[in-house]
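Asker: Spelled out from the first residue to the last, the chains are:
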Amino acid sequence: MPGVSDKLKIAIVGAGPGGLSSAARAAELGVSHVLLEQSPAHANTIQKYQKGKHVMAEPNVLPLRSPLDFQAGTREAILAEWERGLAKHSVNIRYGAEVVAISGQRPDFTLKLKNGEQLQAETVVFAIGMQGNPRRLGIPGEDLPCVQNTLDDPAEFTGETIVVVGAGDAAIENAVALAKQNTVYILNRSAEFARVKEGNLNLILKSIEEGKVGCFYNAACVSLTATPDGEKPYSLVLNTEQGEAVVPCNRIVARIGAIPPRKFVESCGIKFPSPDPAALPVLSERYESSVPGMYVIGALAGYPLIKQAMNQGYEVTETILGREVEPADEPLLAEKFSRLPYRKSVGQTLALMQQRIPLFTEVNALVFRELMLGSKVHTPAAGEAIFRKNDYTNSFYTIVDGSVEIELVAESGESRRIPLGTGQFFGEMSLLSGRRRSGTVYAGKDCVLIESPRRDILKLMNSDDSVRKVVDRLFIARAIQTGFAPGTPFAELEPVAARAELKRYRKGETLFAEGEEADRLLLIRSGSVSISRRVGEHEVVISYVAAGNYVGEMGLLGKTRRNATVRATVPTEVVSLDAEAFGELLQRNPGLRGEVESTMQKRFASNSRMQGSSESGDMISFLIKQGLGEATDLLLIDETLCVGCDNCETACAETHGGTSRLDRAAGPTFANVHVPTSCRHCEDPHCMRECPPDAIRRAPNGEVYIQDNCIGCGNCERNCPYGVIHMAYAPEPKPGLASWLLFGAGPGPGDVHAKGHVDGHAHGHAHDGKPKAPKKAVKCDMCKDQSGGPACVRACPTGAALRVSPEAFVEFISESAVER
Amino acid sequence: MHQSFLQYRGKRYLWIGLALCVVAVLAYGWHAPLSPPNGGTWLGYTLGTIGALLILWLTALGVRKRSYSSTLGTVQGWVSAHVYLGLALLIVATLHTGFQFGWNVHTLAYVLMVFVIGSGLFGVVMYLRFPEAMSSNRSGQTRAQMLQEIADLDQRALRIAANLPAPFAEAIGSNRDRTAVGGSALAILRATDASQVSLAGEDGVVRLQANPAQRAILDWLGRELARSTDAERTRRVDELVNLMAARRTLLRRIVQDARNVAWLQLWLYVHVPVTFALLGALVAHVVSVFLYW
Ligand SMILES: Cc1cc2nc3c(=O)[nH]c(=O)nc-3n(C[C@H](O)[C@H](O)[C@H](O)COP(=O)(O)OP(=O)(O)OC[C@H]3O[C@@H](n4cnc5c(N)ncnc54)[C@H](O)[C@@H]3O)c2cc1C
Ligand code: HEM
Ligand code: SF4
Ligand code: SF4
Numbered sequence: 009m010p011g012v013s014d015k016l017k018i019a020i021v022g023a024g025p026g027g028l029s030s031a032a033r034a035a036e037l038g039v040s041h042v043l044l045e046q047s048p049a050h051a052n053t054i055q056k057y058q059k060g061k062h063v064m065a066e067p068n069v070l071p072l073r074s075p076l077d078f079q080a081g082t083r084e085a086i087l088a089e090w091e092r093g094l095a096k097h098s099v100n101i102r103y104g105a106e107v108v109a110i111s112g113q114r115p116d117f118t119l120k121l122k123n124g125e126q127l128q129a130e131t132v133v134f135a136i137g138m139q140g141n142p143r144r145l146g147i148p149g150e151d152l153p154c155v156q157n158t159l160d161d162p163a164e165f166t167g168e169t170i171v172v173v174g175a176g177d178a179a180i181e182n183a184v185a186l187a188k189q190n191t192v193y194i195l196n197r198s199a200e201f202a203r204v205k206e207g208n209l210n211l212i213l214k215s216i217e218e219g220k221v222g223c224f225y226n227a228a229c230v231s232l233t234a235t236p237d238g239e240k241p242y243s244l245v246l247n248t249e250q251g252e253a254v255v256p257c258n259r260i261v262a263r264i265g266a267i268p269p270r271k272f273v274e275s276c277g278i279k280f281p282s283p284d285p286a287a288l289p290v291l292s293e294r295y296e297s298s299v300p301g302m303y304v305i306g307a308l309a310g311y312p313l314i315k316q317a318m319n320q321g322y323e324v325t326e327t328i329l330g331r332e333v334e335p336a337d338e339p340l341l342a343e344k345f346s347r348l349p350y351r352k353s354v355g356q357t358l359a360l361m362q363q364r365i366p367l368f369t370e371v372n373a374l375v376f377r378e379l380m381l382g383s384k385v386h387t388p389a390a391g392e393a394i395f396r397k398n399d400y401t402n403s404f405y406t407i408v409d410g411s412v413e414i415e416l417v418a419e420s421g422e423s424r425r426i427p428l429g430t431g432q433f434f435g436e437m438s439l440l441s442g443r444r445r446s447g448t449v450y451a452g453k454d455c456v457l458i459e460s461p462r463r464d465i466l467k468l469m470n471s472d473d474s475v476r477k478v479v480d481r482l483f484i485a486r487a488i489q490t491g492f493a494p495g496t497p498f499a500e501l502e503p504v505a506a507r508a509e510l511k512r513y514r515k516g517e518t519l520f521a522e523g524e525e526a527d528r529l530l531l532i533r534s535g536s537v538s539i540s541r542r543v544g545e546h547e548v549v550i551s552y553v554a555a556g557n558y559v560g561e562m563g564l565l566g567k568t569r570r571n572a573t574v575r576a577t578v579p580t581e582v583v584s585l586d587a588e589a590f591g592e593l594l595q596r597n598p599g600l601r602g603e604v605e606s607t608m609q610k611r612f613a614s615n616s617r618m619q620g621s622s623e624s625g626d627m628i629s630f631l632i633k634q635g636l637g638e639a640t641d642l643l644l645i646d647e648t649l650c651v652g653c654d655n656c657e658t659a660c661a662e663t664h665g666g667t668s669r670l671d672r673a674a675g676p677t678f679a680n681v682h683v684p685t686s687c688r689h690c691e692d693p694h695c696m697r698e699c700p701p702d703a704i705r706r707a708p709n710g711e712v713y714i715q716d717n718c719i720g721c722g723n724c725e726r727n728c729p730y731g732v733i734h735m736a737y738a739p740e741p742k743p744g745l746a747s748w749l750l751f752g753a754g755p756g757p758g759d760v761h762a763k764g765h766v767d768g769h770a771h772g773h774a775h776d777g778k779p780k781a782p783k784k785a786v787k788c789d790m791c792k793d794q795s796g797g798p799a800c801v802r803a804c805p806t807g808a809a810l811r812v813s814p815e816a817f818v819e820f821i822s823e824s825a826v827e828r
Numbered sequence: 005m006h007q008s009f010l011q012y013r014g015k016r017y018l019w020i021g022l023a024l025c026v027v028a029v030l031a032y033g034w035h036a037p038l039s040p041p042n043g044g045t046w047l048g049y050t051l052g053t054i055g056a057l058l059i060l061w062l063t064a065l066g067v068r069k070r071s072y073s074s075t076l077g078t079v080q081g082w083v084s085a086h087v088y089l090g091l092a093l094l095i096v097a098t099l100h101t102g103f104q105f106g107w108n109v110h111t112l113a114y115v116l117m118v119f120v121i122g123s124g125l126f127g128v129v130m131y132l133r134f135p136e137a138m139s140s141n142r143s144g145q146t147r148a149q150m151l152q153e154i155a156d157l158d159q160r161a162l163r164i165a166a167n168l169p170a171p172f173a174e175a176i177g178s179n180r181d182r183t184a185v186g187g188s189a190l191a192i193l194r195a196t197d198a199s200q201v202s203l204a205g206e207d208g209v210v211r212l213q214a215n216p217a218q219r220a221i222l223d224w225l226g227r228e229l230a231r232s233t234d235a236e237r238t239r240r241v242d243e244l245v246n247l248m249a250a251r252r253t254l255l256r257r258i259v260q261d262a263r264n265v266a267w268l269q270l271w272l273y274v275h276v277p278v279t280f281a282l283l284g285a286l287v288a289h290v291v292s293v294f295l296y297w
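Protein sequences appear in the order of chains H and A. For the first sequence, position 104 matches number 112 in the numbering used here, and the numbering has no gaps at all. For the second sequence, position 116 matches number 120 in the numbering used here, and the numbering has no gaps at all.
To be clear, the hints were calculated from the coordinates, so they are not data collected in a lab. Heads up, the beta-carbon is just placed ideally off N, CA and C, and yes, glycines get one too. Don't take every hint at face value.
[Said to hold, decoys possible] Among the chain A residues that face chain H by a calculated CB cut under 10 Å, a handful are:
| # | residue |
| --- | --- |
| 1 | Met5 |
| 2 | Leu76 |
| 3 | Val109 |
| 4 | Phe134 |
| 5 | Ser143 |
| 6 | Gly144 |
[Unchecked claim] Sample of chain A residues lacking proximity to chain H, with all beta carbon distances greater than 12 Å (derived):
| # | residue |
| --- | --- |
| 7 | His35 |
| 8 | Ile59 |
| 9 | Phe105 |
| 10 | Tyr131 |
| 11 | Ala220 |
| 12 | Arg257 |
[What the hints assert, rightly or not] Taking lysine to aspartate or glutamate pairs in the EDC-like style, the calculated list, with each CA pair at most 16 Å apart, reads:
| # | chain 1 | residue 1 | chain 2 | residue 2 |
| --- | --- | --- | --- | --- |
| 13 | H | Lys220 | A | Asp156 |
| 14 | H | Lys610 | H | Glu819 |
| 15 | H | Lys220 | A | Asp158 |
| 16 | H | Lys15 | H | Glu130 |
| 17 | H | Lys214 | A | Asp156 |
| 18 | H | Lys96 | H | Asp116 |
| 19 | H | Lys214 | A | Asp158 |
| 20 | H | Lys59 | H | Asp160 |
| 21 | H | Lys214 | A | Glu153 |
| 22 | H | Lys205 | H | Asp177 |
| 23 | H | Lys477 | H | Glu502 |
| 24 | H | Lys477 | H | Glu509 |
| 25 | H | Lys610 | H | Glu823 |
| 26 | H | Lys384 | H | Asp409 |
| 27 | H | Lys477 | H | Glu581 |
| 28 | H | Lys188 | A | Asp156 |
| 29 | H | Lys397 | H | Glu415 |
| 30 | H | Lys59 | H | Asp77 |
Let the sequences and hints guide you as you build the complete structure.
Answerer: Here's what the structure looks like:
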């Protein structure tokens, strides 16, 4: 082992799959190296997976390139295999070596460890992943062994006094689970549990009320000491509203989140393109960061899967040693490009594309390569429809060659075709708003298109400001064109578009308030808003407006004060047009005034109806709370018709491998309208975020569904605010369609799992140690693979179950407002 | 927005059913057979065939209901048609008999059919009456949630009782263990409450007594409350009273819920088995008719 003063060729920070593979390759080649790992074992992220988790080796098509082996299997088998690999190649790994600072440049880096030790290296590979370090208590005694940041199995502890610190979902779930057989206190820094899922909120409030969990509100930890002679081995001092409190305890579970690694990474000099938390560090095609000699790979570089991280580990070591490597994904790209009419190498094709498409010209080559990996290349026949108006798809298209025509149909039925040529792009409207396609696109002659998935484009926009700006500007211009000036050529709209502003609002934020001066019109680009008016003392919700529509038109047509308050029901983006810009549009399009006025009239009529009926307003408020504001499709049950036969659930289970994706009885009810626990098919689905293999997709009809390449990580289950996803084993074989008629004649074909929907929290462990098929995420797919539409609705004997779009529902409520 | 199976598609099947009845009645009136009207005339055969086919098709609802990926209409549409055409069957089949009844297998089939139709009609009435009552009684909770809440209440009460003299724990514990509602279908429909509880009497002897609607235990706790002189003890007993009162409310709702569910389902236990009996009788009827012919 090299002495402290020896300069190493490569220092690798973080022994996850990326770091392990990089170090193993260096060891294999006999290069001086060190692998620094903060935790006491290798691959901390994988160590923290659930016991027995089946780890998947997505993407399947990607070959593995690493001295270490990796195949789909249990967490334990994979960790053991890597451990063998470390020994076999004599990798110089140091555990408990947290790197706290890195300074310098190639070939003179100094790495500082937490214990004060310093190391010298010529190059540095950053492979610290995205998990970040758990936030620490920040009090004297925080290092005592009774403090833990994770909780694998709550059943492990009995009869202890445990303090759970934190007020998030994880803290609540842990506290409630531990309280079954321990005395548990939860420590909340503020006065309430904000920002947690509704289910968890109810859970914790109930547990506190029932005395199962003790709660300290507005409390902070002060110190922790070992008390070997006390009634409990430790004693935690708190600062509470009533003054200082001392809690004798056995254990402290700190669930106060993790510090994202970005700050540390930036402190080492690595640049990020934007302050957006989703931005990735700026990297060259060979993973080199803005600091020469410092490389970034794995999850931190934006590659969230194990195999990718391992391949990059291998490649980065090769690159550092000056050896030319063809990236492992080269054959995949070659295959993708094989249908192109050019005879060029992969590198040349990529360069050609970047050069032809102005949007991508400035994009860094690595990022572009990654984008292309996720993208598809299409060579449609002339006249073929790429997508159709009202499709729900949300991918993004760029034109490498040839041209396309966008067909826009005005409300009057008049249709126009707008040509787009090489280098231009389309599809950004649905991509950004989560709404249906606003027009049909037809391929021209010899047309070559790139179709990129939504997630990859959003990633690109987050990490490259220039791309974001171009897309945003075009979005505004096209939105104005479709919304207000269909006849006006695009170029003439540019000045108006330039005046428009893009604004973002948080959930619940006010766009404008009743009584304010009305000077601008707002075109909702994503999200949705609620409209409310003061009626006496109260504010009554009178309407809901979805993305793709505008609000605030009243002011611009002569009236001067806002007559209603508009709030964002979910995070919302709007294009804001001032009176002058709008005036210009009115001039260009004489028919516009009439259109806006008729919309206004319709709204007026419905608003005044709704105002008189506070019940309808309450209904809308209730549904907004249930996700109406972001839903594209809601399952509603009319409790005056539902006889409770659960045929809907049985039908769901029967058509989806035995597990029902809906829980009819659960969920809230208001005025006889019941919202069962079932997917809302959100416009901007929370579940899609942070899905490592990008397995969650949206189908043309709007269904949000999960593909087979799900790796079962459970992120989506956690991210869905409505608790509609759960993790389930693949279906088991089921009994045939026998003995179907007589009641009670054995378990009917649907009964086995019909009630097998999980209660929202499936922290299941692989029981009895038997290897089972891997658990994967399941959710409603709106029966997209069935003909005839959702089975739940088709199976309801009384007509109680209904799937509706929020707009249709709101319209219905406001139309029936008078009758109520 | 929601539309009940009776309103389905502008009551399309009501009109079809009515039309069927009208045609049958007109044909019956116009057709003046030589012999007294019966199943053996050509009209009798026609009506009989229609009736038998209708019965087979009405039975097929059970199959359609369980063919979850079937795209042959929706179950709602089927039920709508089932109800209206099932009612029309009564007319069709009655005319088919030519009002000739006797103690034979033919009339047996007819009677069974009337039973099935009657129970169906009863079911429709239940379907119209109970859902709303069931929903408001549940007030947003599922049955499992209510049961869980009762278990939670009991646990809290036991914890409090642990700090009171032994009879309290005995009372709360036995109340938990001996709560008995429901049971047989009759008990559910009548909302019988056969709960019991062990309470210490004036003489200190613990006796098991009936406790319908939690009355006994609440009375007992009330007495204890009145007698208590110690402030801490009063506070605890008062808390127990509150918990048990909440328990009573929940229990009442659960009993009511079971009753609602029973009314919604029980009739099917007549409707379906008698359907099978009817099918049997129908086969016998048809076979015997052809044998005697
Ligand atoms: C629950 C879950 C399930 C998953 N399932 C799968 C799956 O089935 N298949 C799959 O392909 N992917 C899966 N993933 C994703 C996969 O875990 C990651 O993509 C992968 O671990 C990324 O590897 P990495 O090397 O970039 O970083 P990590 O694996 O996160 O490794 C980073 C390492 O760096 C260490 N470290 C951090 N900071 C420092 C520091 N300052 N000094 C020293 N060391 C440091 C950490 O302790 C850690 O060991 C899953 C993720 C989760 C959360
Ligand atoms: C001879 C005539 C009839 C026969 C053979 C018949 C048969 C059946 C069968 C087999 C079922 C399926 C039960 C199940 O599987 O759950 C059913 C359900 C039903 N029937 Fe009938 N039926 C007849 C007449 C009627 C009539 C006249 C009515 C109403 C006026 C009626 C109302 C219903 C209703 C409401 C259901 C329940 C639907 C559901 O909840 O799924 N039936 N019937
Ligand atoms: S799973 Fe949840 S987040 Fe995803 S679309 Fe459905 S409701 Fe929305
Ligand atoms: S679908 Fe859900 S569980 Fe599956 S990989 Fe994506 S986020 Fe993870």
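Asker: Check the structure against each numbered hint from earlier and tell me which ones fail, lowest number first.
Answerer: Structure breaks hints 3, 10, 18 and 30.
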